[in-house]
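Asks: Residue numbers (the numbering used here), protein chains in the order written: chain A, 1 to 251; chain B, 252 to 502; chain C, 503 to 570; chain D, 571 to 638; chain E, 639 to 993; chain F, 994 to 1348; chain G, 1349 to 1526; chain H, 1527 to 1704.
For the record, the hints were derived by calculation from the structure and aren't laboratory data. No false leads were slipped in.
With a cut-off of at most 25 Å between alpha-carbon atoms, the simulated DSS-like pairs for lysine-lysine come out as follows: (1) B:K444 x A:K151; (2) D:K580 x B:K260; (3) D:K637 x D:K572; (4) C:K569 x A:K9; (5) H:K1651 x D:K580; (6) D:K580 x E:K853; (7) G:K1473 x C:K537; (8) F:K1208 x E:K976; (9) B:K437 x D:K637; (10) C:K525 x A:K2; (11) E:K932 x F:K1293; (12) F:K1287 x E:K935; (13) D:K637 x D:K580; (14) A:K9 x C:K504; (15) B:K260 x D:K637.
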Amino acid sequence: MKQVYSVPKSLRPVSTHYCPGCTHGIIHKLVAETIDELGVRDRAIGVASVGCSVFSYDYFDCDFQQAAHGRAPAVATGIRRTVPDAVVFTYQGDGDLASIGTAEIVHAAMRSENITVVFVNNAIYGMTGGQMAPTTMVGQRTTTSPEGRIKGLAGEPIRVSEMLATIPGATYVARVSTTSPAHIAKAKRAIKKAFEVQLAGGGFSLVECLSTCPTNWGMSPVEAMEWVDKNMIPYYPLGEFRTPEGGQTNG
Amino acid sequence: MKQVYSVPKSLRPVSTHYCPGCTHGIIHKLVAETIDELGVRDRAIGVASVGCSVFSYDYFDCDFQQAAHGRAPAVATGIRRTVPDAVVFTYQGDGDLASIGTAEIVHAAMRSENITVVFVNNAIYGMTGGQMAPTTMVGQRTTTSPEGRIKGLAGEPIRVSEMLATIPGATYVARVSTTSPAHIAKAKRAIKKAFEVQLAGGGFSLVECLSTCPTNWGMSPVEAMEWVDKNMIPYYPLGEFRTPEGGQTNG
Amino acid sequence: MKKVVVNEAKCKGCGVCVNFCPKSALAMADRINSKGYHPAELANEAACISCGICGRVCPDAVIEVFKP
Amino acid sequence: MKKVVVNEAKCKGCGVCVNFCPKSALAMADRINSKGYHPAELANEAACISCGICGRVCPDAVIEVFKP
Amino acid sequence: MAGRKLFKGNEAVAEAAVRAGCRYFFGYPITPQNEIPEYMSRRLPEVGGAFVQAESEVAAINMVYGAAGTGARVMTSSSSPGISLKQEGISYIAGADLPCLIVNMVRGGPGLGGIAPAQSDYFQATRGGGHGDYHLIVYAPASVQEMVDLTLGAYDVAERYRMPVMILGDGVLGQMMEPVSFPDQMAPDRPAPEWATRGARDGRTPRLINSIYLKPEELYKHNLDMAERFEKASANEVRYEEVLADDAELLLVAYGTTSRVCRAAIEKLRERGIKAGLFRPITVSPFPYDALSKRAKSAKAVLTVEMSMGQLVDDVKIAVAGAAPVHFFGTTGGVIPKASDIAEYAAGIVGEEVR
Amino acid sequence: MAGRKLFKGNEAVAEAAVRAGCRYFFGYPITPQNEIPEYMSRRLPEVGGAFVQAESEVAAINMVYGAAGTGARVMTSSSSPGISLKQEGISYIAGADLPCLIVNMVRGGPGLGGIAPAQSDYFQATRGGGHGDYHLIVYAPASVQEMVDLTLGAYDVAERYRMPVMILGDGVLGQMMEPVSFPDQMAPDRPAPEWATRGARDGRTPRLINSIYLKPEELYKHNLDMAERFEKASANEVRYEEVLADDAELLLVAYGTTSRVCRAAIEKLRERGIKAGLFRPITVSPFPYDALSKRAKSAKAVLTVEMSMGQLVDDVKIAVAGAAPVHFFGTTGGVIPKASDIAEYAAGIVGEEVR
Amino acid sequence: MVEEIIIAGFGGQGVMIMGQLLSYAGMHEGKNVSWIPSYGPEMRGGTANCSVVISDEQIGSPIVAEPTTAIVMNRPSLDRFEPAVRPGGLLIYNSSLIDRAPERTDIRVIAVPANELALELGSDKVANMVVLGAYLKATGAVSEQAVRDCLSEVLPARRRELIPLNVKALARGAGLVS
Amino acid sequence: MVEEIIIAGFGGQGVMIMGQLLSYAGMHEGKNVSWIPSYGPEMRGGTANCSVVISDEQIGSPIVAEPTTAIVMNRPSLDRFEPAVRPGGLLIYNSSLIDRAPERTDIRVIAVPANELALELGSDKVANMVVLGAYLKATGAVSEQAVRDCLSEVLPARRRELIPLNVKALARGAGLVS
Ligand SMILES: Cc1ncc(C[n+]2csc(CCOP(=O)(O)OP(=O)(O)O)c2C)c(N)n1
Ligand SMILES: Cc1ncc(C[n+]2csc(CCOP(=O)(O)OP(=O)(O)O)c2C)c(N)n1
Ligand code: SF4
Ligand code: SF4
Ligand code: SF4
Ligand code: SF4
Ligand code: SF4
Ligand code: SF4
Ligand SMILES: [Mg+2]
Ligand SMILES: [Mg+2]
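This is chain A alone, in the form it adopts within the complex (with noise of 0.2 Å):
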């Protein structure tokens, strides 16, 4: 028999501690297809970030190095500057690349580090047990939105692709969603190209996925799925905001 799926090599074969059905887990297989397809394990410096993926280090085959909250984009710029040939990327939730990590992220993208940035939207802290995130929803309810998120208090949230694209160094910026088949197939070709881009020495890359916390939403997994389809997308648009070529496909 042909094998048609296996599990990519760059991952390690242990059990993660995510919670069940929790799509880091998909986020994780993409960006360790990625290293393998492009042969770059060996060259490869993942950065970890504070957030339910802190333990990515574990999971990835990799060199790694685990950055303060927010500080990731940081991190990477010191390792950037001192590998020339590395293949450098940071992996940050929500909170931690737009929240306190805001400086460090655009001014990455400013000054165009050539490093790719896998940044996971779940709209929630999760690892701290589901505060408001930036990127929350205006009326969905976390622990520190008890009564939803409250637009005359707390604003809308911020959408970090289009933000970002305004920055003539964000050479590379994509939303994506992981929660069908389909999406995720076109996460992956996001996600690749943000790599392939830092491999042709482009500047800054970066992909924001939509990714799900069932646990802090209260949701099932699939539900949590289908929410991220009838809630986020809505605001937060898929599609390439820039490109190398100056492309635009969102909408």
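Since chain A is already given, all that's left is putting chains B, C, D, E, F, G and H with the ligands on it; use the hints.
Replies: Then chains B, C, D, E, F, G and H with the ligands, alone, in the frame of chain A:
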């Protein structure tokens, strides 16, 4: 004789520490005129930032707080939430707002804090002696870009107004210049409009003022103004990037 | 060998594979694994078209898919 | 009273007012003020049209303008 | 006081702050103190206040600066890495003479460390992790009720000396439940202080909240003034507890959670016929140097016990000043010492020095 | 060593770092140390290195973390408020066992404070302004040449003990010019250390740079290991200088700039017939407790002199442990003490205690 | 009397609520109580435990290193806490899920096939209450009535309708102990 | 010999360069030297001063509290540093810009109409060199030749063409002192 131009009352009659011809002074006057005209001196609370304008609290005749470098929007948020009828404004340089304070300005905009931000972009760190800012032009020599800013190492300058205009909560965002009587008149209108947005409870407003730093640019004050017109305005187009009405007049 | 091999010990019983299988070939087993979860299993191998979707959507890299 | 009153002690001699006066009515004085700067002065009052520009552009709030 | 309720430490400190007049909370999530912001996000709107989840700890502490500058009773809380990020802001708040309440539920460090309870931020809290010559008033409660009681008085103290007050807890104190009672009444409303910046209304002169003094002589003067206020706090606010200390030949010194384990250790030691006692600083800044110095004189040996590699021990050495040998027993990284291990170690010392 | 050149302290420390193998600098401008990043922005490209002006001190220290994790010799510099912002990052670097060089040219605090020289970040530097149980190796040079010499050895020390080294200067040391000589040679290239993350090439197992240990026992073990390395550094790297201390009845203790003023004060005191001497810690962490303890035994009184409200004095008290009274003379906020004032104060003590 | 209890199991087995129930009940009986949770890094799953002290006197240390009673709901918890029980103390284990018998002979050991019994009652969600019932009966640390009274305080609103089932489970557990 | 000098004036009057020149010259003569600047908050204008120590011995303290010589270029600097000069020390002041005479009688005082003399030479930018020339002549702290040799090290490249003028100014100042 009828007085056709008088010094604004909300400015104290003292000498500033600004260098001769520095347009920080012009921007001060415009803010003070606005406070005068709107009659809000007695409920205005200014937030001074760290930069050449650190002593602005000595020049404006209203309550003030001096904020840590980059944190003026956070300080203003603290004030905003505790004194509902205050008129709260920050006065920040480009190092302060666009570098160390990136997260604070982005999130004040996201929350649509009902404050007004006067953002002085002089493409350099004035107070510390002329280091490169995120807004420094490619090729511009500074004490930390001795060969001129190099795009491949430090990236291209960040356009703050364009970036913030992608945030729904940023109700009013405009870029103006201070380098001619006509520019100054427009700048005045923008600053006044920004305060009016706040008075109407409209949320976050920001006016980016292109400004000179004759001292660190190594130019005469008038040369410096010409340099803004010739080098900065083409990269930093003037206009309104977001208005409460939804209009946009830049280009 | 089955078309779909589930690493039962690692399965978290999330049901995502079952949901997306276009042929409804998968189901959650009654048994409980050492983690306390009901693992997914290929309940109807005949229906399976080896499309690989279950493997691709499984968040825990638990499934490998083969084509005869 | 002059059409343009310069607070000489506060003037930093930057020349901005002189540059923007549409009537070239202003000039830098030869004398030096206590700060060590040559202050601006209304050198040609007759030419002045009391447009107020010098006042508006002066970064140091040094100038007041009057219209007869 | 109403009847006793079972409260988590984190929620108890939050409720106590509200009863003490706190109306504004600015914070950022971090384990093991998340119940504080979560509680405040529900509670403050009920009492007409505001909860803001800041974009970071840095932003949070600067929001506290702004709000405290308007004279409001304001609070933030975090745990170790987050408190490190707040150091610049805390230094500013202290430098601007602003009262506020800061809670640190300490977890294991350094770096990302762990989420289990620790006492390894003692230096940071008592020595100023930020730059410059400043002090905080730092309380180290040892029970949920004490956390409540100290918090209830914190704003009064902070405002009296115009400096931030910190509650130095740990993961155990934050997460544990104990029965507590709260006062029935909220603290009465108070007028805005005469230094608050709320707009220069009715013709009063504008005010300024500031920490910059470019002339060295002026900064010197300001720092002397701050030091004087801290001196006064040292004279008036120092608190400590002694347990079986009168006749103690072996004096244990411990604060917070560790002090409770030490109580159990002392029991064990007394059972074995060893005259052990406990000195428990409640204010760790200002530190009860005089009281400990006096007490140490009647002891044959002193044993500092802490959940760190040795921080409190510095203050103990300073206080004891050679009057007795100072020993140290520490666990770190989230490991809570066992009463039996402490007793064993203590008995060893006694073998050496007391007998 | 080549001939002497007149160098500003800031530029000297930068050049010394380059000679010691530093190739990467990540920093953010702040007075009074701007000459360091400015110098590096010119110098590092010449030697094939990289200078990055970070968006903030927070970003800078985390860039240092990333670069240090690849085994590179890397540096950052700042002054007080900026160093406060770096505290979380420093704690991470220490927690991840990474060597690096951090320079703090201390200015007056707290808050924005002033830009004049101060020594009020002593606690922060020696006690860990960040969270958790960690230590830095902190050098307190007193001249531009000493700054150069200590910097030249800093990376070797940092790598030997796998912990950050800090140069604790002040506005005077950073801004002053003195003649210095540098070694002619650059430090030789060295292979990347066996823990560096530079890509898992040639089939080696992947490596991890990390400071998280969620199991308390593991974090405990890691912290013990860190403490052991610091113990070793305490045994091997402690440095101090004594001036006329042999027969000193009055022992002055001071470091850095202040120690130089104390030299002048001692001269004045000796002229007046008072046997004064100086104990100058060069490493303030690890502190020369043993040496000072020994020396204090032969003194009748000890006087700590510092540009702060009293921070070094804690370490002096710990070392002296009651063997002699410990006095304190401090100026703060950027005020440099005058030799004559120190001498006067010292003479007063002598009147009381020595005679 | 001082009871120092550790209750341990998988996340989701309800060990935290068992501890809280004991604490509330103790408090309502006028005793001094404390409850301390301890979690692993997982948001869901993983192991967790809590320490409870119930005492007639003021509680010195709420930290429990040598419990008078350990209640273990899964195998890893048995392995970890069996050695810790104070000589003469009590060990209660969920024999439905634990595949080995305890080895200590200096302590009292009670096996409770909690999941089976709970399923018999209608839902294995109340396995924890069966075990708690056994504990109450074995020690009398607090009265079963007091625990019953506290159920509504501790259970989240959406699980209040399960109170009768919980009460039954308590009784079922108590019935196991002679 | 130990010379402890403070040189003070407005920013822009070249006081820092005077101090650096002295330091370089001292170093080239094999002496120990130190130079410490002190600035106000202004980027341009404002007052500034520097402390220079030139010594045959190792320098103990580079901090100058009681200068052997104070060179003051403007009125605020005279007011501030006149009282500080060590009894028996030297005070040189720029009488072109300072409108009062020093009051101390226990020190040597030299008035240098520096701006006038410099203008006579062609540019008031070298007023500082005129004063420095007077200082060198009055104290012999370092030789005028050594200072001349260091001019190219200290002046920024764009001002190198002014070296001959600077040399003239030094001589002019020296000529004032008998
Ligand atoms: C400085 C600091 N602040 C706060 C925390 C606590 N913290 C850990 S993870 C996290 C949020 C993570 O949320 P996100 O980045 O969205 O990741 P997710 O868990 O949702 O994948 C926070 C606030 C921390 N570790 N460090
Ligand atoms: C935390 C911190 N970092 C750095 C500094 C030093 N600093 C003071 S002003 C300034 C830059 C100011 O530049 P900008 O905001 O552009 O204002 P400008 O002076 O140009 O008006 C810096 C970096 C500081 N005071 N605090
Ligand atoms: S808490 Fe949410 S984001 Fe974290 S692992 Fe669980 S489901 Fe995923
Ligand atoms: S340094 Fe530049 S920005 Fe600052 S006052 Fe002078 S000219 Fe203005
Ligand atoms: S391979 Fe396709 S058809 Fe077969 S079980 Fe998986 S998803 Fe279903
Ligand atoms: S998707 Fe994976 S983890 Fe989830 S049930 Fe299927 S096999 Fe198990
Ligand atoms: S008022 Fe107008 S015309 Fe008159 S001097 Fe001023 S700018 Fe010139
Ligand atoms: S613009 Fe103002 S400061 Fe400048 S020269 Fe004219 S009056 Fe003087
Ligand atoms: Mg998230
Ligand atoms: Mg600027």
